[in-house]
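Novice: Sequence:
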Amino acid sequence: MRDVFPCPHCGAELNKDRLERVLETRVDLATGQSWQRVKFQPSIISYSVGKTRYEKEPDAADLATLAKIETLPLPASVPTSRFPIEEMYHGSRIAPKGFTHVHHFYLPRAAQIIGALWSKAENYTDVGIRSSLKFLLESHLVNLSILNRYRPEVSFPYNPLNGVYYIPSLVSEASPFTAYENKIARIVSALRTSGQKTEHSLISTESATNLPLPDNSVDYIFTDPPFGENIYYADLNFFIESWHGVVTDAKPEAIIDKFKHKALPEYQHLMQRCFAEYQRVLKPGHWITVVFSNSKAAVWNAIQVALQQAGFVVAEVTALDKVQGSYRQVTSTTAVKQDLVISAYKPNGGLEDRFKKSGATVESAWDFVQTHLRNLSVIKVKDGELEFIVERDPRRIYDRLVAWFVRHDAPVPLSSDEFLSGLRSRFPERDGMVFLPEQVTEYDKKRAQTAQAPQMELFVSDERSAIDWVADFLKARPSTYQDIHPEFIRQLGAGWKKHETRPELSALLEANFLRYDGTGEVPSQIHRYLSTNYHDLRGLEKTDPRLNARAQDRWYVPDPNKAQDLEKKREKALLKEFETYKTFTGRKIKESRLEVLRAGFNAAWAAKDYATILAIANKLPEETLQEDERLLTLYDMALTRSEDGA
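Each residue of the sequence shown is one higher than the one before, counting from 1 in this note's numbering.
Treat the hints loosely; a few may be bogus.
What the hints assert, rightly or not - So the derived label-pair ranges between C-beta atoms look like this:
(1) 451 to 507: 32 to 40 Å
(2) 244 to 92: 22 to 30 Å
(3) 438 to 533: 33 to 41 Å
(4) 6 to 132: 47 to 55 Å
Said to hold, decoys possible - In silico BS3-like cross-links for lysine-lysine, where the CA-CA straight-line distance does not exceed 30 Å:
(5) 97 to 258
(6) 251 to 262
(7) 568 to 497
(8) 498 to 258
(9) 475 to 569
(10) 497 to 590
(11) 97 to 51
Think of the hints as simulated: they come from the structure by calculation, not from any bench. We put the beta carbon where it would ideally sit given N, CA and C, even for glycine.
Using the sequences provided together with the hints, build the complete structure.
Specialist: Given below as structure tokens:
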């Protein structure tokens with residue numbers, strides 16, 4: 001259907017949204033009551049003569065045949081269950097069009113044929129044959145309904161929109177005879193191929209929160225869990241289940257659904273229970289792959305936190321293009337067009353055993369880092385260019401370390417500045433990424449073959465990412481405040497988090513970087529930049545007045561030792577500001593600094609002051625907590641510890 005088209009009577013330019021839906025009153029064959037639905041009118045008949053396909057418009061004889069079929073009583077085997085519209089997120093998509101019961105979704109011919117076939121299947125006394133026939137029939141129950149879209153540009157005849165009850169403007173009424181004939185051939189072919197390998201496969205239908213498998217027995221797990229509120233599985237199951245006379249118990253379903261009073265915390269805890277069971281059955285040192293698709297940062301964080309609290313360590317996040325889009329990917333401008341794939345591992349038994357013996361010590365922290373780096377990709381190449389491996393970023397490694405210690409209910413033995421300083425002294429760093437000594441040789445070899453160093457993509461959305469952006473800017477070009485400010489302002493765009501206070505550039509510079517005031521030697525960072533980029537400044541000593549004049553008032557990234565001193569000073573200032581959050585007496589803190597909250601939550605966790613974490617969390621908007629992985633992890637664990645009476 002065209003996006004815009006002219007009215008055939010007056011020529012006005014129209015689209016679907018501006019049209020008034022035409023309804024018709026019919027008699028519901030199941031109840032005998034009058035029933036209003038959107039009007040359907042046969043438009044094209046597709047038929048075959050021999051091997052040639054033809055199309056024609058329905059004539060009087062065709063319409064008379066259809067009218068005769070409509071007078072037939074509805075087969076008793078066709079379910080007439082009413083959809084739980086009031087409890088369905090997408091109930092408003094079907095009820096206004098007149099579709100409130102299962103049998104409403106079948107045109108008369110399809111209802112007669114499928115009903116007769118289902119009745120015959122049910123009459124088989126042999127359970128195996130009866131189940132096999134129902135398996136065959138249910139494979140096309142959706143395709144043969146009015147959910148099947150007419151898409152002339154697609155050769156495949158079955159095109160319902162995945163993941164939703166979507167009644168199209170143009171319905172394609174598929175032939176049940178052709179559908180089942182082709183399906184039988186495909187099932188026979190599949191069984192013939194797989195029948196030789198049945199001893200290596202097992203299909204089980206149950207909750208992932210209770211797997212009938214022994215501990216440490218599975219080599220690898222690939223899971224495609226519910227994505228928050230993307231697909232309402234229990235609602236979708238109702239259509240097929242009504243034919244079997246059963247209904248899904250939606251209470252334990254891992255989903256966000258306001259109509260079933262399920263919010264993000266309930267979803268996260270259900271996912272955590274599933275991941276904990278995966279962690280139990282997976283062998284130590286082995287991997288789990290989690291497919292994820294949701295545009296909301298809060299849901300993304302909930303998945304990651306649930307995964308890490310179950311005992312997994314995230315090692316990589318990559319994009320997966322599934323080619324065929326879901327309903328949300330097709331219709332929503334905000335939906336992510338590619339799924340994300342999280343690769344995580346269950347730490348080997350050696351790391352866990354050593355931690356149990358040594359406890360939360362500095363040595364156990366570096367033991368974790370050593371193990372974690374060993375599990376990360378050394379090289380990633382895309383279009384012939386090296387990619388920046390985000391999980392090798394020092395701050396990301398620290399985040400994984402914090403999550404691991406918190407999950408073990410242990411204080412983190414290293415502050416952020418202590419960790420970053422220790423990391424540089426223990427492990428080689430290349431292009432902003434940390435490696436093991438045996439890994440860096442492989443990276444250097446590949447790096448020598450590429451012209452450009454990999455670049456980390458920075459999206460400025462909060463204070464931390466703003467600091468990282470300024471650091472990247474100053475590493476490449478030590479600059480004055482006046483030079484930095486216009487570039488910095490351009491970064492603070494629509495991606496900024498709603499409840500995050502926007503920082504002043506001057507405050508960021510003072511707290512995290514150093515300014516050359518013209519006293520003493522020009523710092524090597526500035527000297528290197530000026531002598532490389534300005535011909536008249538090459539070969540000058542660091543004390544040369546000409547160099548001094550050009551270097552004055554430029555900000556630069558400090559060397560590691562001075563950076564550690566700055567970090568300690570900054571941490572002290574953050575904790576001081578956190579005290580103002582603790583004494584806040586209003587209803588909600590509308591704007592806050594994530595860096596302050598992270599520092600305060602970390603300090604409270606180390607002191608086992610769970611009450612402070614919970615009290616501050618209650619003062620924050622939900623988005624602030626849910627959209628930050630570290631805050632959410634500490635809050636969730638503090639909640640668990642408080643409930644356990646710790």
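Novice: Hinted pair, alpha-carbon criterion (30 Å max): residue 498, residue 258. Please report holds or violated.
Specialist: Given that 30 Å is the threshold and the Cα spacing comes to 22 Å, the pair holds.
Novice: Need the status of pair residue 568, residue 497: alpha-carbon distance at most 30 Å?
Specialist: With a Cα-Cα distance of about 26 Å, the restraint between residue 568 and residue 497 holds, given a limit of 30 Å.
Novice: What's the verdict on residue 251 and residue 262, does the C-alpha distance respect the 30 Å limit or exceed it?
Specialist: holds (9 Å)
Novice: Against the range 33 to 41 Å, how does the distance between the Cβ atoms of residue 438 and residue 533 compare: consistent or not?
Specialist: Since the Cβ atoms of residue 438 and residue 533 sit about 37 Å apart, the hinted range of 33 to 41 Å holds.
Novice: CB of residue 451 to CB of residue 507, is that within 32 to 40 Å?
Specialist: holds (38 Å)
Novice: Is the hinted pair residue 97 and residue 51 satisfied, with a Cα-Cα distance of at most 30 Å?
Specialist: Violated, at about 38 Å.
Novice: Please check whether residue 244 and residue 92 have a Cβ separation lying inside 22 to 30 Å.
Specialist: Since the Cβ atoms of residue 244 and residue 92 sit about 26 Å apart, the hinted range of 22 to 30 Å holds.
Novice: For residue 475 and residue 569, compute the direct alpha-carbon distance and say whether it is at most 30 Å.
Specialist: holds (21 Å)
Novice: Below or equal to 30 Å on CA atoms is what counts here, so check residue 97 against residue 258.
Specialist: holds (23 Å)
Novice: Starting from residue 497, check that the Cα of residue 590 is at most 30 Å away, please.
Specialist: Roughly 12 Å between the alpha carbons, so the hint for residue 497 and residue 590 holds.
Novice: State, for the Cβ atoms of residue 6 and residue 132, whether the hinted interval 47 to 55 Å holds or is violated.
Specialist: Taking Cβ atoms as reference, residue 6 and residue 132 lie about 53 Å apart, which means the hint holds.
Hint 11 alone, counting from the list given before, is not met by this structure.
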